[in-house]
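Based on the hints, put chain A in the right spot on chain S.
In order, the protein sequence lines correspond to chains S and A.
The first sequence runs 0 to 438 under numbering that gives the first Met the number 0.
The second sequence runs 0 to 283 under numbering that gives the first Met the number 0.
It should be emphasised that the hints constitute simulated quantities derived from the structure, not laboratory data.
No false leads were slipped in.
No more than 30 Å apart at the CA atoms, straight line, and that leaves these computed lysine-lysine pairs for DSBU-like:
1. S:K433 / A:K168
2. A:K180 / S:K18
3. A:K168 / S:K326
4. S:K326 / S:K433
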Amino acid sequence: MSTLTAATEAHVLRLMRRKSRVALAVPALILAYLVYVFFAFDLGGLAQRARMDNARILLADMVSYKTHVTRDNRRGTLSVSIEGNNRATYSPDSIPDWILTDGEQTRILLGGGQVVTYDGPRVLFDIPDHGTARLDVGETIALDLPSADWPASINASDSRVTITTDEGRLTVTRARTETLRYFWGWELFFFDLNSPFSGMSAIQVIATVLAGERIQPDRSNLSLAISDFWNNGIWRHGEVLWAMFETVLMAFLGTFGAAFVALPLAFLAAQNFAPSRWLRFAVRRVLDFVRGVDALIFTIILSRAFGPGPLTGALAILLTDSGSFGKLFSEALENVDKRPIEGVQSTGANAVQRYRFGVIPQVMPVFLSQLLYFLESNTRSATIIGAIVGGGIGLLLTQAIQTTQDWEKVSYYILLIVVMVVAMDSLSGWLRRKLIRGE
Amino acid sequence: MSAPALAHVQTEYLALTRRRRIYGGLLLVVFVAMFISGFRIADSRNAGSFWQGLHQIGDFPADLIREAVEKAANLPGHMIRAFPALVETLNIALVATLLGCILGLLLSLAATRGLAYWPRLVPVARRVSDVFRAIPEIVIALVLIFVLGGGPVPAVIAIAIHTAGAMGKLFSEVNENVDLKPVEGLASVGANWSQRMWLGVIPQVAPNYMSYSLLRLEINIRASAILGFVGAGGIGYELRNAMTFGQGKFDQAAAIFLLLFATIVLVDQLSASLRHRLTHGAPA
Chain S
0 MSTLTAATEA HVLRLMRRKS RVALAVPALI LAYLVYVFFA FDLGGLAQRA
50 RMDNARILLA DMVSYKTHVT RDNRRGTLSV SIEGNNRATY SPDSIPDWIL
100 TDGEQTRILL GGGQVVTYDG PRVLFDIPDH GTARLDVGET IALDLPSADW
150 PASINASDSR VTITTDEGRL TVTRARTETL RYFWGWELFF FDLNSPFSGM
200 SAIQVIATVL AGERIQPDRS NLSLAISDFW NNGIWRHGEV LWAMFETVLM
250 AFLGTFGAAF VALPLAFLAA QNFAPSRWLR FAVRRVLDFV RGVDALIFTI
300 ILSRAFGPGP LTGALAILLT DSGSFGKLFS EALENVDKRP IEGVQSTGAN
350 AVQRYRFGVI PQVMPVFLSQ LLYFLESNTR SATIIGAIVG GGIGLLLTQA
400 IQTTQDWEKV SYYILLIVVM VVAMDSLSGW LRRKLIRGE
Chain A
0 MSAPALAHVQ TEYLALTRRR RIYGGLLLVV FVAMFISGFR IADSRNAGSF
50 WQGLHQIGDF PADLIREAVE KAANLPGHMI RAFPALVETL NIALVATLLG
100 CILGLLLSLA ATRGLAYWPR LVPVARRVSD VFRAIPEIVI ALVLIFVLGG
150 GPVPAVIAIA IHTAGAMGKL FSEVNENVDL KPVEGLASVG ANWSQRMWLG
200 VIPQVAPNYM SYSLLRLEIN IRASAILGFV GAGGIGYELR NAMTFGQGKF
250 DQAAAIFLLL FATIVLVDQL SASLRHRLTH GAPA
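So here's chain A without its partners, still in its complex pose:
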């Protein structure tokens, strides 16, 4: 390459870099401006202001901890009393995950080209799982509480529907990478659709499915606790009651906080080690 051409390439490259830097810088400035103005809007529409609240942020946890320490003897008793509610929360999450994953599996099979029983309905199945995924759990839960009364069932249905949508999408992404040869082999010996799926597809995708389902279980336990707080039973409901008792009863709230925290950490650890085994194989 001749020297002038090289120089030309160099100036072009430097100009390009400069331009990209300016664009990047502008984007950053716009983003920072959006962030700051967004913060100011949120601050102005909040009941308490950020800078004022910042001083008080430790007050409530301090009260909580002080009372919990003062009445440490009560904590085990409170925990035992809240334990059935915790079991209910876990049951809600587990049943919802189970039902949601089964429904999500069916949705994902219906939404994958090459596997769907009705290939024409592939886009429909995709939209259905999009809509299921978009509806926050609280919406379905609150509406169903009105019809079915408070309790675990509205929460189960609400979480299961959202789970089905989320799993429908994740599972169908897994399905896209399925090797179709076993399916064709099964088809050649006259297997029907359910046999092809059960024997040809599921063995390939089961570890991935399991891993996603476990991750979902972690998410759903948190969701189930939150739904309890708005009236669907379980530990969230107990927590809400304990909170409304207010000062002097914070030991009860502290016990529930501890129980919830321990459960979430425990389930996260358990699921992480199970998922590790699924992806890396069982230790020899």
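The shape of chain S in the complex, shown without the other chains:
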């Protein structure tokens, strides 16, 4: 008895020692790996490579916009536009009231009492209590500061002077003088400057739509408002909505197309349904191959054949998922209960009826739930694939990011993508409950 206990005790102690060694070794291994990665990824150098000024521009731009007040120094003309966009240029008679202009002289009131004055080719930048900086545009740009501790960040050379304060930024070159003033929000989100509704407050717009005089005699204000919103030249809501539809369409066509392709293959690959062992082996290897090739490779090959667009994305999803569905479906088929099939057979059913009433009711819930799960995850994939094949919201997003200026659009698209994915998630969850559990 006592020897048995001693042996057991020794065994237990040995087990516990081994467990504690493992418990220490695993975190140590992970730590060692992370240290290796730290050097492999050159995280030390990251701090130098990181562009914090870019981060600041990005964050500021996501929630604010700037209005450009530009003087062409060769022709002496003035233009006021939002984000320097041609399509968002104010006409000379509707310039915002913080810009006072009378021919030669233009006074731009920035926030905090700061004033920039364009006086012909001369520019004055006034900061209250700190005096006025003077810039003269000639062969070179002469900068004259009132004091050495004038509170602005200044970047000056002979051909270009930039003065930045919290309220705005002034850039002067020989060709032009430009002042930027920052405002919170997303500019012209509902109506662009070409629309009669632009500049109205929400209440004014509603009042005009409900009770106002017809702005265009041949149609109602409501239809005008909707059409102006839809065709907004800056935000292009119509196109964006189309792009989202394209992305969902890619996911829809890809997922269900893959299910069509995979269904017969799954029967050929399932042990209990395969007509021959060799065929089963061949089909399974094909499915393995298709899954291994990966969406990226399919996407590249298909865009060569079909060119950019949503169809290419849909086909890439279709091919990739055929492999996954073939495997998942055949596993579900291998797990079917034989008894219902025998029961159906005992009533004299033929092969088709056996499948229809014995097999399909068993596997349908599994298939459907897989399908709906993939539909949701493919909405996300379609965004990524769209960025590569050039279709849908993914394309708009990458384009907006590549300009490195339209960050407010980037945040708008990100918001839309998240809403789209969450909506598809709830839709697929709702359908799953409805179709499978019959609630």
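Using the frame of chain S, we list chain A on its own:
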């Protein structure tokens, strides 16, 4: 049961079946109509049409294979040159999976009723993991590339965030089925929250967690290759460069295709056998 009642039940049952068949048929018709019209819309908005492209679908792979066979001697060299990039892609996936799963674990604990440290924040933790899960990797990667410059770090962060969201949901589903008795036992001897989780919950859920994490690793390797293609370094970046060289340099692309394919198959097999061991126990 009397005969008329039986007949009544029969007619009712047949009517019900007929109705269900009509509904099912209608649903099918609507679905097929949606599918066909969707296909036609996608086809009309594509640069090349489906039926035309179908003939050309084999052209590029044929070119690729022909060149790869012609210059078969170059393939090993190209593969060796692309190997560091492959290691980078694998590292991105592994680090992102590791970080994402740790973050997902914390999120899942915070999102499970009965385990959460702050029970009031359970819905918040759930929404956070929903949002993390909804953001496609490419969005975060592209924005971070602008700030941090190209390279592996933006890809790691992007994949890790998405992984954390996905794992937060999957892990919390596992947590819902945890037996709370060990946790209560630990609480009764005065264990604090982290001890209760580490000693009472984790041992129960670890095999499931591991299995999900391995599956996620497979997914993340593919994601990491794709992110490389849009500029985040690794094998995807090499592939993109090889593709832009165009005709005459396809042997390089073919080598990378082969390398990527072999890696994905290898990792899938490895992870499948590991997962099999986790769920069915080690072979004796």
